[in-house]
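Peer 1: Based on the sequences and whatever the hints tell you, model everything.
Position 122 of the sequence shown, counting from 1, maps to 137 under my numbering, and the rest follow consecutively.
Mixed in with the good hints, there may be bad ones.
Distance condition first, Cα-Cα at most 27 Å in a straight line; then the derived DSSO-like pairs of lysine-lysine [stated by the list, open to error]:
#1 K147 / K134
#2 K48 / K147
#3 K117 / K147
#4 K95 / K147
#5 K95 / K141
#6 K43 / K141
#7 K48 / K141
#8 K30 / K117
#9 K147 / K30
#10 K43 / K117
#11 K141 / K151
#12 K151 / K30
#13 K43 / K151
#14 K134 / K151
Keep in mind the hints are simulated off the structure, nothing from the lab.
The structure displayed is predicted, hence computed values, not measured ones.
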Amino acid sequence: MANELNGFDIQEILKLLPHRYPMLLVDKVIDYKAGEYLHAVKNVTVNEPIFTGHFPDQPIFPGVMILEAMAQATGLLGFKTVENRSENELYLFAAIDNARFKQPVLPGDVMHLHIEFVKERRNIWKFYGEAKVDGKVVCSADLMCARREF
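Peer 2: Structure below.
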């Protein structure tokens, strides 16, 4: 029996995240299991506004944007993990530790965001994330999000 993937598209992402262009950095979710993991994708294109200044002659996707994409993926996993959540609930980026950048991300790359839930304590959620291109880790970090209601 084949393992069926449990993903969702951009329409579901737009329902869950408040981010919009040009700050929405997750294009689709390939698979997830609530309370455990999420695998999402960010397609990096040369048309992104960040490349007009970073860097015009050698475009490189900024490390801070890779971390933001990973943070958005953690928020998606958080939203999918909590049942009966409020419409006014958000997951705010609270901390990042042990961030490592292994190689640059370039236009044309497909970044696979792999997020694992580590623990939750008093509405602070801890995750481990990796961004991969062509199966190679380009960035890894420990991420924390704060679950807040507004």
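Peer 1: Given the hint that K151 pairs with K30, test it: the Cα-Cα distance must not exceed 27 Å.
Peer 2: Between K151 and K30 the Cα gap is close to 30 Å, so the pair fails against 27 Å, i.e. violated.
Peer 1: Is the Cα-Cα distance between K43 and K117 27 Å or less?
Peer 2: Holds. K43 to K117 sits at ~24 Å (cutoff 27 Å).
Peer 1: Would the pair K43 and K141 pass a check requiring their Cα atoms to be no farther apart than 27 Å?
Peer 2: Within the cut-off at roughly 22 Å; holds.
Peer 1: Between K95 and K147, is the straight-line Cα distance small enough, at 27 Å or below?
Peer 2: 22 Å, holds
Peer 1: Is the straight-line distance between the alpha-carbon of K30 and that of K117 27 Å or less?
Peer 2: 32 Å, violated
Peer 1: Between the alpha carbons of K147 and K30, is the straight-line distance 27 Å or under?
Peer 2: 25 Å, holds
Peer 1: For the pair we were handed, K48 and K147, check the Cα-Cα distance against 27 Å.
Peer 2: Since the Cα atoms of K48 and K147 sit roughly 19 Å apart, the hinted pair holds (cutoff 27 Å).
Peer 1: With the threshold set at 27 Å, check whether the alpha-carbon distance from K95 to K141 stays at or below it.
Peer 2: 15 Å, holds
Peer 1: For the pair we were handed, K48 and K141, check the Cα-Cα distance against 27 Å.
Peer 2: 16 Å, holds
Peer 1: Take the C-alpha atoms of K147 and K134, compute the straight-line distance between them, and say whether it is at most 27 Å.
Peer 2: Answer holds: K147 to K134 is near 23 Å, not above 27 Å.
Peer 1: Hinted pair, alpha-carbon criterion (27 Å max): K141, K151. Please report holds or violated.
Peer 2: Answer holds: K141 to K151 is near 23 Å, not above 27 Å.
Peer 1: With a cut-off of 27 Å on the C-alpha distance, tell me whether K117 and K147 pass.
Peer 2: 10 Å, holds
Comparing the model with each numbered hint stated earlier shows that hints 8 and 12 do not hold.
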